[in-house]
Amino acid sequence: MSILEIKNLHVGIDGKEIVKGLNLTINSGEVHAIMGPNGTGKSTLSYALMGHPSYEVTEGEVWFKGQNILDLEPDERSRLGMFLAFQYPVAIPGVTVANFLRSAINARRRAENPEDKGVSIPEFRKMLKEKMSMLKMDPAFAGRYLNDGFSGGEKKRAEILQMAVLQPSIAILDETDSGLDIDALRIVSEGVNTLMNEEMGVLVITHYQRLLNYIKPHFVHVMMGGRIVESGGPDLALQLEEHGYDWVREKYEAAE
Amino acid sequence: MEEKPKVVVTRTRRADSAAKDFPYTQAQIRPGEALQAYRARAWAAYQKHSLPDTSLEAWRRTDLRSLPVDAFPLPLPEAYHDLPSVQEDLLLPLADGQHGGQIILRPGGASVELSQELAAQGVIFTDLLTAEREHPALLAKLAGKTVNPEEGKFAALAAAFAQNGILLYIPKNVQVQAPLHSILWGPGGYAHFSHLLILVEEGASVTYVHEAASPDEPGINTLHAGIVEIQVMQGANLRFVELQSWGKHAWNFSHERARVERDAQLDWIFGAIGSRLTKNFSELDLAGQGAQGRMSGFYFTDGNQHLDHDTQQNHLAPHTSSDLLFKGALKGKSRSVWQGMIYVAPGAQKTDGYQANRNLVLDDRARADSIPGLEILADDVRCTHGATVGKLEEEPLFYLKSRGIPQDEAEKLVVEGFFDPIFQRIPFEGVRERFQNYIADKMSH
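Heads up: the sequence lines are chains A and B, in that order.
Each residue of the first sequence is one higher than the one before, starting from 1 at the first, in the working numbering.
Each residue of the second sequence is one higher than the one before, starting from 1 at the first, in the working numbering.
Hints are computed from structural coordinates only; laboratory data are not their basis.
For glycine and all other residues, C-beta sits at the position ideal for the given N, C-alpha and C.
Warning: the hint list may mix true and false statements.
Here are the simulated BS3-like pairs of lysine-lysine, each with C-alpha atoms no more than 30 Å apart in a straight line [as the list claims (entries may be wrong)]:
no. : chain 1 : residue 1 : chain 2 : residue 2
1   : B       : Lys20     : B       : Lys48
2   : B       : Lys145    : B       : Lys172
3   : B       : Lys248    : B       : Lys20
4   : A       : Lys117    : B       : Lys145
5   : A       : Lys129    : B       : Lys391
6   : A       : Lys16     : B       : Lys172
7   : B       : Lys331    : A       : Lys117
8   : A       : Lys126    : B       : Lys412
9   : A       : Lys20     : A       : Lys7
10  : B       : Lys153    : B       : Lys20
Where chain B lies over chain A, by a calculated footprint (3+ residues, C-beta under 8 Å) [unchecked claim]:
no. : segment
11  : 47-54
12  : 116-125
13  : 128-134
14  : 238-251
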């Protein structure tokens, strides 16, 4: 059953079209990877899916859980079960990881039931401790200001921690491997693999094949010029690793 | 802007008295032995000063032309019986633990409670009228000691006419554990003049919370002018929290100065959310070697509010340190001014002075002015300052929303985060909670 269905999506920023008619369907239990050279619109796609106000969708539909989500605010998309692990998570000074996560959980509970009193502190602490230990994070981390002064690795780990807490049904990982050393990469990937289940879909956006050694995709797509130009199985990633993107570019340009 | 006819006034001493002024007369000064000489001096100063205008540097950004000087009668004794009564939530303890004493100052009357234990230790915590009767010598000794009535029109006004006030005296080496609490409740279309006098003797320590408040009463005008005089003697320790939540119709002026003696410490916390217009002068005099002072300010304005805080950190002796952080958020068409100065006197070597003011402007029509200043007349010192005015940025809000947090809550989280460095400096859970409630309240409309 399809979880996310992107139909003929066109996205522009400052009047310039970046994503030019993208189609993609992700079914439950599937991991998809979108690869491609820099500047082909991969991050634009992820921001547009999450509803960033600077990215303007000019055409197309995105169906998620039975509705076209393009008119929904980012917080509504999140509460519906979408999650974006950011390539560059922004710092929120003065707001601790714990306070932030509790606010996110309570926002979900309150959307369900406006009378909800929020998660109890002991219940929240217990849950957070479990998720943090899964990602081999120091408990003191919960008391730090969100992404403020975090190393590249800490930021990415914090993103996956949020994913673990929020338990989305579709997770988009935007260049989650960038800035990670091999140990951190393994921890983060194991985290994602642990969270993955039959009801869920994952979209991995990456420049390099490296991450796909740890998070194994069922499908690999190549994005170029704002579109998916080539799709295949896991072998496609290896082929790209070995031969680069030139052969796809030639094929794609020949077809233009 | 409204077109106003241009009036050219030739400035002479005579012209001053012809300019707009309050209608108070010498006959309205409360009689009483204790402060008679002081009040006579204040009255002379009051007559000498005209209402400050924007040609004065300290008043350059705070214009009093629309102050309705004739609108503020003095309340008669027991006037409070016919006025809104004090909000219950203001009476709850704010600093940790139950009150050791609580005073409610109302228009035309006061009620005083002090634990017998503290009274037996010689602690004096009482209202001004009682102090005039029972402690005239002490009062006469303290009045005018740190704030000179001649400093300005409003200092003179409060000094001459104070109907209400507090005398707090902690004897030598007495450690007061339970916090003391006073409320100046100023409802109605009146002038409220207050005078706080605090003396913490050598080696003593105390936590004191004072708040000034009134209900919102649209359509009327309220005036408050106050003086706060503080002395923290050698090795003593004062934690002083001052909150103001005057109604949006109140004009609020204050002159405050703390003198901190050798190896003494003052932790001075300000919270301001009320009034139509505030002009507050707060000065820290580090008068003895090793004296330390910390000033932490929280303000949040909305609507048409105008809050102007003028701070001064005076290092008058060597090895003194001061640390000031004021943070404010602004909504609507409101305006804030913070003007700060660190002064290091000649010979005040090895001093460490810090001041920072941070503002978060939540609305395009709001405006924050931030003017730091240093005047250093010693050569072996460390003084740093910083001032910033920022806006709510889109990226943090998008980030929070992408985790399911709705726009208004995301904004509130960012604003709370902005104020967190102030919360970190406040040792009282109750005060932090109060500030959080202020934020929630201001953000919700």
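Okay, the hints, checked on the actual structure:
1. A hinted pair counts as satisfied when its Cα atoms are at most 30 Å apart, and Lys20 of chain B with Lys48 of chain B qualifies at roughly 13 Å.
2. Simply put, Lys145 of chain B and Lys172 of chain B have alpha-carbon atoms about 19 Å apart, close enough for the 30 Å limit, and the pair holds.
3. Simply put, Lys248 of chain B and Lys20 of chain B have alpha-carbon atoms about 23 Å apart, close enough for the 30 Å limit, and the pair holds.
4. Distance hint between Lys117 of chain A and Lys145 of chain B is unfulfilled; the C-alpha atoms sit about 52 Å from each other, more than 30 Å.
5. For the proposed pair Lys129 of chain A and Lys391 of chain B, the alpha carbon gap of about 35 Å is over 30 Å, so the pair is violated.
6. At roughly 74 Å between alpha-carbon atoms, Lys16 of chain A and Lys172 of chain B are farther apart than 30 Å, so this suggested pair is violated.
7. Taken as a hint, the Lys331 of chain B and Lys117 of chain A pair is honoured in the structure, with Cα atoms around 29 Å apart against an allowance of 30 Å.
8. For the suggested pair Lys126 of chain A and Lys412 of chain B, the alpha carbons sit about 26 Å apart, so the restraint of at most 30 Å is met.
9. Proposed proximity of Lys20 of chain A and Lys7 of chain A is supported: the alpha carbons are some 11 Å apart, at most 30 Å.
10. For the given pair, Lys153 of chain B sits about 12 Å from Lys20 of chain B by alpha-carbon distance, which is consistent with the 30 Å threshold.
11. Restraint check on the segment 47-54 of chain A versus chain B: 5 residues with Cβ-Cβ distances below 8 Å, three needed, restraint holds.
12. Counting residues of the segment 116-125 of chain A whose CB lies closer than 8 Å to any CB of chain B gives 0, so the stated coverage by that chain is violated, three being the minimum.
13. With 0 residues bearing a CB less than 8 Å from a CB of chain B, the segment 128-134 of chain A misses the requirement of three and the coverage assertion fails.
14. Coverage of the segment 238-251 of chain A by chain B is violated [criterion: at least 3 residues with CB-CB distance below 8 Å; count 0].
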